[in-house]
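Protein chains in written order, with numbering that gives the first Met the number 0: chain R, 0 to 342; chain U, 0 to 280.
For the record, the hints were derived by calculation from the structure and aren't laboratory data.
Don't be surprised by glycine CBs; every beta carbon is placed ideally from N, CA and C.
Certain hints may be false.
[As the list claims (entries may be wrong)] Short, incomplete list of chain U residues facing chain R, as computed with Cβ under 10 Å:
{"hint": "1", "residue": "22"}
{"hint": "2", "residue": "24"}
{"hint": "3", "residue": "46"}
{"hint": "4", "residue": "48"}
{"hint": "5", "residue": "98"}
{"hint": "6", "residue": "99"}
{"hint": "7", "residue": "111"}
{"hint": "8", "residue": "125"}
{"hint": "9", "residue": "155"}
{"hint": "10", "residue": "163"}
{"hint": "11", "residue": "202"}
{"hint": "12", "residue": "213"}
{"hint": "13", "residue": "216"}
{"hint": "14", "residue": "252"}
The primary structure of each chain is shown beneath.
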Amino acid sequence: MPPSPTSSASSRAEERAGRDQGPGRPTPPTTWTGRGPAGDVAPRRPRRPRRSPLPYALLVPALAVLVAALGYPLYRQAVMSFQEYGLAQQFGQPPEWVGLDNYVTLVTDSYLWTVIARSIVFCVANAAITMVAGTALAVLMTLVGRGPRLTLQIGLLLAWAMPHLASLTVWQWLFDSQYGVINWLLVNLGLDQFAGHSWLIDQLSFFTVATVIVVWMSVPFVAFSVYAGLTQVPGELYEAAEIDGSTAWQRFRQITVPLVKPVLLIVALLQIIWDLKVFTQIFVLQDAGGITAETNLIGTYIYRLGLGEGEFGLAAAASWFVLLLTVALSLYYVRVLVREEEL
Amino acid sequence: MAASVRARSPRRPLMAVAGALIALVFVLPYLIMLVGSFKSRSEILRVPPTYLPQEWVPSNYVDMWSTPETPLPYNLVSTIVISVCATLVVLAVAAPAAYYTARHRFPGRLVFLLLVLVTQMLQPTVLATGLFRQFVTLGINDTWLAMILVNSAFNLSFAVWIMHSFFAAIPRELDEAAALDGASRLQILRRVTLPLVWPGVVTAIIFTFVACWNEFAASLVILTTAENQPLSVALTKFVGQYESAWQYVFGVSIVGIVPVVILFALIEKRLVAGLTAGAVK
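This is chain U alone, in the form it adopts within the complex (with noise of 0.2 Å):
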């Protein structure tokens, strides 16, 4: 242990400034979006554009949440509870699948996988009229049950596969060691099996989260309530043919990026837990 701190330590301050520089060139676009979101209506769109806002606006902030163009309040609420449900529908039902599928042969596992898989290849751009019709036809459309429904069978493909590669991953000498002792099944599942899908389990979530909090295709044709649309919907009424508040719409993915960091920061620990945790040894 010793030996190996000793040998990375000379390069350690460099890679931290690598990976500085690097995240420096991801979060750039976001910066600019950022110092966007303090000009002014009129600076926003001055042709030639000013890099520094010459004029801060910080009422920016306040004002996009009382706008003509539409309830932001109601947009967040929407976009959070569409979120928040799909991603725990998801969970549910992905993880039972995940872990039968990668303890267990059984036929028509391949052809289940398979199945799942293909939902990611289809287009929502040609599925859109479908589900809409689909919604009238069982009088759920334009609620958040419907959009729920369709977040939830978008993203089950990852979290599906993700979780079942990292269940395939522990060696099954481990149950039946912690079985030899006497433990249950519950009890393995949750003291040695668990542990070590975390990080799994974690991305899952990041990742459906995330595809929900962003999903636009299917949210445009099936939530037509102003009220009940999402943030990404609510950002294309600031966009008009002849005038656009850019300002707002910057201003409204700042904050709506918020809750999606905030997830990040309370799930963020179980991420590097696994084997590196010392669980199995």
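Same shape as in the complex, but just chain R (with noise of 0.2 Å):
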């Protein structure tokens, strides 16, 4: 038993027997720490240890490697977002301090608010996309046998560890306009039109080839972590419901849903705020053909206002203006979240 759970008990106990003890000898709970080994009293076991210092200990760990690596960066980035910070400062010059100037800048400027309504659009499609088929898999695991499960797994495996140069690059082959498998399939299925078909041309089919793409990544981590929650359900349940000749759709709905909420939720918000920072895949397609001002996401606009045009300093805006709008739009859904499970 590590020391802290014990000593946090023991000294709660203690509170207690000196205020057992009567008006007589009031024992402040902020003097606890000074009064005798716990020996001293009849150890009673508490509930649950609250208000001693210790539990934060626990956190500590966490928080001191999130600082370690990303309080700098952070930090930097929000001093250069008040600067004017250019590739002259990037070889030494010292950066101007400009105030809000970059930040005035880049809200006044139309292109932002359309590259972020772009963006919530293709988060919100592509997160929904994810969320139904990657539950589905989950569901279809529980069903089947462990053969065909641990078929099924590890070939979401393989499409989830495949290093992203490779899978974009053969995804690349497979929409190409002259060679591509998916042109010669919509030709050979009597659509001539797609002869010589090319995807990245039009905004629409773009990001649809980017949909495939990002869908086919992500569904293989909501499917492990749905069916991971799917494992905490009592087969029993599904039985009674099924004596009591329910279907199978309001058993998912009546008791699958309900049991898996805070592990769907979760994976749900995490999906929202990857896709809504997706960078590489729209940068690559964008690098084979696309038009970058017609299908520039957020993460992508950075990184060309960043490192492509060297603004360092309306790029570190950008970032942290984009970080306080996700966690503004965010904040609402975490409470709902951590309530739920409060339930």
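Once you've looked at the hints, go ahead and assemble the two chains, each given alone in its own frame, into the complex.
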């Protein structure tokens, strides 16, 4: 047993014991640490230790890792967002403090809002498709025997673990206008207009291809997480419901969903956050022939602003702005999520 | 029980077929990659492309380990060390935090959970230069340690949240019942809590490991020595402006996935534990 829970438990017991001794010996809770060893009083197991500083110690390692790795880069980014910071500054010229200028420039630029709106639409569509497909696969895993389940899981794992460079190359080949398998299939199905069809030139079809790739890359994560959640649902519940004559859909809605809701909510939240900042897939597709201005999402927009055009101050401001926007939007969701599990 | 098995059985083979078909769709890019890894250098760049190799070149899998482009054996070791260490760090720091935030109410709980989540909203491409400067100042730039730290920080969030939701799902009465039976805190943790959260822990492990295994943006900036670079960065060395050795890119990717599958095979049994294992009855 770690020493900390013991001490907190015994001090709590001590505190109670002190109070039990009546008004004659008032013992303010703040002084209990100075009162002799815990053995003095009959040990009484408290239900839950509260208000002890030690539990925070359990959070400190996680916070330490986050601060050590990300603290300075975030701080630097915040400072830069208030500076005129371009290529000259990157090479040693002292940056000039410009206050909120970068933010004003961004917010008054209608292109930023176009990109944000486009990103939100893309993100909602992708997250929704991913969640539905991933959850369906997770349920499927629970319905089949061990052999098919392992086949499915390893298939998903192979897709998930494929290096992005390799998978994006293969996807580009699949959608290639001249020799791609997709066009070949469509033409052979009788859709002759797809002979030599270029998928990346038109905005809508660009995002269709991007959606296929992003969903393909994200579904394994959702399927695995939701499946893990489903293992927590006691099988007896289904059997009882089945005997009562409920349909499969009713069982899913009334038993599965409520029980795995915490997992579903957190997986959906993460999926939304990731899809909002999707970068690699869009960047590679743009490189392969998309129209950059019409297909930029937040991730590629900020990248092109910073490393692309050397406007590091603006890029820093943009990423802080998007960060604050995302926090504001997800704050409500997180509160609901945390409250949900308390019920 | 018998009734449910009978009711479900006619649909089972159908479900299995559906599962196999979906798995096939998901592994299609993988299969194309597998086939490509057996093509010769000239064939893989041929226009129009061949679907199956006209000449199978299994020697790609031998040759790729000693190319002028990148010291592949070192890259593999580097990837393994960074991913294993980062996964262990994530587990070690995320599990206590997840347990405590799930089981106790305290001031700052929501702030902590939100703060952890915020790390997922950051753009790695924007952070990269800041990370680089930080590690240069600390004198650990271009080291495994730096990448272990970065990977741990990037992946802590999911681990904390998913384990949090598994801990939160365990009925408190279970602990109390075990405590009444005279079990110590450690016994409760080992015999009651842990079996129930194993699926969450396993998911966190797989997620973190896969994410570290494929991390690219930060590794590219921080690890400058070829021997220190992970596979994800090494792969780009095969892609040249004029000529690309895709057969090696694919071969390395195929070999690179093997450790991930091994890890999964090792811990897969824990994924089916949970309530169905009969820990609570």
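message: For the restraint on residue 111 (chain U), tell me whether the closest CB of chain R is nearer than 10 Å.
response: 6 Å, holds
query: Going by Cβ atoms only, is residue 24 (chain U) closer than 10 Å to chain R?
result: 8 Å, holds
- prompt: Does residue 46 (chain U) meet its interface restraint, that is, does its C-beta lie within less than 10 Å of any C-beta in chain R?
  reply: Status holds, d = 7 Å.
query: Going by Cβ atoms only, is residue 48 (chain U) closer than 10 Å to chain R?
result: Constraint on residue 48 (chain U) satisfied, holds at 5 Å.
message: For the restraint on residue 202 (chain U), tell me whether the closest CB of chain R is nearer than 10 Å.
response: 4 Å, holds
message: Restraint: residue 125 (chain U) near chain R, CB-CB cut 10 Å. Satisfied or not?
response: Holds: closest Cβ of chain R sits about 5 Å from residue 125 (chain U), inside 10 Å.
- prompt: Is the hint on residue 252 (chain U) kept, meaning its closest Cβ partner in chain R is under 10 Å away?
  reply: 4 Å, holds
query: Hey, does the residue 22 (chain U) contact hint survive, CB to chain R under 10 Å?
result: 3 Å, holds
Hint validity - residue 163 (chain U) Cβ closer than 10 Å to any chain R Cβ: Holds, about 8 Å.
query: Hint check: is the beta carbon of residue 98 (chain U) less than 10 Å from a beta carbon of chain R?
result: This interface hint holds because 7 Å falls under the 10 Å limit.
- prompt: Once the shortest beta carbon distance from residue 99 (chain U) to chain R is found, is it less than 10 Å?
  reply: 4 Å, holds
field: Status of the hint placing residue 213 (chain U) at chain R (closest C-beta pair under 10 Å)
entry: Residue 213 (chain U) check passes; min Cβ-Cβ to chain R is 6 Å, inside 10 Å.
Consistency with the previously given hints is maintained throughout, with no hint failing.
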